[in-house]
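K.L.:
Next come the chains, spelled out residue by residue.
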Amino acid sequence: MLEITPTHYLVLSAGLFMIGVIGVMVRRNIIIIFMSIELMLNAVNVNLAAFSQQWQHVTGQVFAVFVIAVAAAEAAVGLGIILAFYRNKETVNIDEMNVMRW
Amino acid sequence: MPAGFSAADFYNILPELVLTGGALLVLIVDVLTARQQRGLLAWVTLGVLVATLLALLPFSDVNTVASRGLLAIDGFAFFFKLVFLLTALVTVLMSSSYIEVEGLRAGEYYFLILCATLGMMFMASGIDLITIFIGLETMAVAFYILAGFLKPNRRSNEAAVKYFLLGAFSLGLLLYGMSILYGLSGTTNVRELATVLASQERNALLIVGLVMVVAGIGFKIAAVPFHMWAPDVYEGAPTPVTAFLSVGSKAASFAMLLRLFMEGLPFLADMWQPMFWVLAVMSMTVGNLAALTQSNIKRMLAYSSIAHAGYLLIGVVANSSRGVTAMMIYLLLYVFMQLGAFAVVVMLRRQDVAGDELKDLSGLYFRYPTAAVAMLFFMLSLGGLPPTAGFMGKFWLFSAAIESGFIWLAVIGVLNSAVSLYYYIRVVVFMWMKEEALGSPIVASPSMAVALTVALAGAVVFGVYPRPLFELAQESAQSIGGVAAAVSALSF
Amino acid sequence: MAEAIVFYGLAALILGFAVLVISTRNTVHSALYLVVNFLLVAMLYVMLGAEFLAAIQVLVYAGGIVVLYLFVVMLVNLKRPPETHQDPRRQTRLGLALASALLAELAAIIVYSATGESAPAATAAAAAGADIAGGNVEQIGMLLYTNYLIPFEVASMLLLVAMIGAIVLAKREL
Numbered sequence: 001m002l003e004i005t006p007t008h009y010l011v012l013s014a015g016l017f018m019i020g021v022i023g024v025m026v027r028r029n030i031i032i033i034f035m036s037i038e039l040m041l042n043a044v045n046v047n048l049a050a051f052s053q054q055w056q057h058v059t060g061q062v063f064a065v066f067v068i069a070v071a072a073a074e075a076a077v078g079l080g081i082i083l084a085f086y087r088n089k090e091t092v093n094i095d096e097m098n099v100m101r102w
Numbered sequence: 001m002p003a004g005f006s007a008a009d010f011y012n013i014l015p016e017l018v019l020t021g022g023a024l025l026v027l028i029v030d031v032l033t034a035r036q037q038r039g040l041l042a043w044v045t046l047g048v049l050v051a052t053l054l055a056l057l058p059f060s061d062v063n064t065v066a067s068r069g070l071l072a073i074d075g076f077a078f079f080f081k082l083v084f085l086l087t088a089l090v091t092v093l094m095s096s097s098y099i100e101v102e103g104l105r106a107g108e109y110y111f112l113i114l115c116a117t118l119g120m121m122f123m124a125s126g127i128d129l130i131t132i133f134i135g136l137e138t139m140a141v142a143f144y145i146l147a148g149f150l151k152p153n154r155r156s157n158e159a160a161v162k163y164f165l166l167g168a169f170s171l172g173l174l175l176y177g178m179s180i181l182y183g184l185s186g187t188t189n190v191r192e193l194a195t196v197l198a199s200q201e202r203n204a205l206l207i208v209g210l211v212m213v214v215a216g217i218g219f220k221i222a223a224v225p226f227h228m229w230a231p232d233v234y235e236g237a238p239t240p241v242t243a244f245l246s247v248g249s250k251a252a253s254f255a256m257l258l259r260l261f262m263e264g265l266p267f268l269a270d271m272w273q274p275m276f277w278v279l280a281v282m283s284m285t286v287g288n289l290a291a292l293t294q295s296n297i298k299r300m301l302a303y304s305s306i307a308h309a310g311y312l313l314i315g316v317v318a319n320s321s322r323g324v325t326a327m328m329i330y331l332l333l334y335v336f337m338q339l340g341a342f343a344v345v346v347m348l349r350r351q352d353v354a355g356d357e358l359k360d361l362s363g364l365y366f367r368y369p370t371a372a373v374a375m376l377f378f379m380l381s382l383g384g385l386p387p388t389a390g391f392m393g394k395f396w397l398f399s400a401a402i403e404s405g406f407i408w409l410a411v412i413g414v415l416n417s418a419v420s421l422y423y424y425i426r427v428v429v430f431m432w433m434k435e436e437a438l439g440s441p442i443v444a445s446p447s448m449a450v451a452l453t454v455a456l457a458g459a460v461v462f463g464v465y466p467r468p469l470f471e472l473a474q475e476s477a478q479s480i481g482g483v484a485a486a487v488s489a490l491s492f
Numbered sequence: 001m002a003e004a005i006v007f008y009g010l011a012a013l014i015l016g017f018a019v020l021v022i023s024t025r026n027t028v029h030s031a032l033y034l035v036v037n038f039l040l041v042a043m044l045y046v047m048l049g050a051e052f053l054a055a056i057q058v059l060v061y062a063g064g065i066v067v068l069y070l071f072v073v074m075l076v077n078l079k080r081p082p083e084t085h086q087d088p089r090r091q092t093r094l095g096l097a098l099a100s101a102l103l104a105e106l107a108a109i110i111v112y113s114a115t116g117e118s119a120p121a122a123t124a125a126a127a128a129g130a131d132i133a134g135g136n137v138e139q140i141g142m143l144l145y146t147n148y149l150i151p152f153e154v155a156s157m158l159l160l161v162a163m164i165g166a167i168v169l170a171k172r173e174l
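Residue numbers (the working numbering), protein chains in the order written: chain H, 1 to 102; chain D, 1 to 492; chain R, 1 to 174.
Listed below are several chain D residues computed to face chain H (Cβ distance under 7 Å; list not exhaustive):
| id | residue |
| --- | --- |
| 1 | 141 |
| 2 | 148 |
| 3 | 161 |
| 4 | 169 |
| 5 | 172 |
Keep in mind that the hints were calculated from the coordinates and are not lab data.
The beta-carbon is built from N, C-alpha and C at its ideal position, and this holds for glycine as well.
For reference, chain H alone in the conformation it holds in the complex (with noise of 0.2 Å):
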């Protein structure tokens, strides 16, 4: 138990991508349900900078970087998407997109 091996953090990683799922399940905000995606690359990050210390070489955390970078980039766009979605419909509630059947 008090040693922390690389089992640990992938626990809380899972714990923490599952927090992320659920969040997506249950949340209608759409800002909220992006917020959740987030959380579950943050889990992804977490595992790769583990496995990254225990390979002993830093592969992980290049793929971490590229992770960041793409959350970054999907952010931009996301948001960027939400606003046009507001601008028309003045919500952010996933439940009142209803042109279409979801």
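Here the structure of chain H is known, so what remains is to put chains D and R in place on it, guided by the hints.
P.N.:
For chains D and R alone, coordinates are given in the frame of chain H:
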């Protein structure tokens, strides 16, 4: 030049370099030209795509690994890059009139189309998890934006939001799976992954990773039960974008799937084969049944494309060189039939008509006979009736399944094709109806005529004379099937 | 032992704040909990010997992405009743508390640097990542600019696409 890189490394990615430069050129031309001359942009984009195609041609016989094992420049990559460039070319040809009618920003539109193509090319030749996922993301982000490109249109807004949220979610799943694969093997290279993991004992973590990757890719290829975004996104996105999405994104995702599973995880075939046949059966059945009741053409084509993802997955389940060949043939034929069908839908969009309802097609034969006849071919081809291209594609897919011992899967596929004929024929019935739809006359711009001709020629010629295509696909599939066979021989 | 305490403490906080992010009704609060979550994960990276990752986690995630979130939340939440402003004293008290915490932190840093003693967290990190920590930034830089040069360049195209896309989508009339 960075240490360890040689001129050959840069020569090997020449097509990608040309495409990147071209995409930037489009942006510059957009700034430099006046608003009235924006038609020029379509020509520049076409020029860039043709230049990329020319830069790609010398690589037809190359089989090498470039830039420190990140990219495979092989027949498989060559074939898929050909598919992507062809798709992009036809999409650009059918876009120009649509852009005018909708009043879209042409410069950014073409730039994003080119960047999406760039991402696809890296997905097809990437043999490293990082390259593959960065390529995937470049493509996906470009598509999120393109789906929401009709800013005042609420359906387009919704399409973008849904595509974005589910796309980002699926990326999370995929990356989590990839991080586990990396963690278990200590490498991000797909081919090293195969050799390292094949020698290890299977554990629960590996299975979790595998399931995550399958789910993430399932979203990208819109396989049931990960398909719920597809109908809404296909309906809401601008029609040429839908066309590009349904063909290009699907082909690229299948390329990624084949790289990951046939080259990276062939020793786990006994585990992913059942997963994929479940997805295949569900996609075919649900897609075809749901398509029966649709009144919107784009929605109907969305469900039909879900069903086609199911047919294509049969080739993955077959897990043989023949299965890969069949998938590649089918994807190339799918370019022609699906893009052709969408080209006709784009033509229906006029200043006063949205043109995406089935009833907008009524009487098309009497208003624009050539378009109706072309659409007839595309529908029969999608339905898989002989002697069209679609029949040849399905024939190879199903025979690959039978050869690998999945006779029942082929039977389900054939039954599903029979069901699908009903809704494809329904489109034809509408076109030959006497009563004509309202709206201004339908005209085809010159570029649209070229797009239709290319699509029709492909669908007809390869249906009658498929031999050159078959040989090309068979040769291209060698580079990936060979590896799969070699590694699976090791593990048994 | 020390490592275990730090890890379990961090893990509990990370999971706790993650739950808060997805369970709070107020979107602004969610975004703020997200910042805290990101900062805690950055500490985890330090424990794992991934200092560069920790730095960009703070810079890009906590500093960039969440600010973007807050902008959008503010833009789309204009009609929300200003219930948080009902008690002006509350803000003052909160401000005072934060300021004194910051002051204490500053004092701690000065004391540490004056006595030349290294921070306790740093020793744990050094123990955890001794083998790979040596020039973490250098190692990542070497990999990024040699082995992973191609994806690095593709990522630059990805960011260009995202930038242009965000402008196209968010700008009112073009």
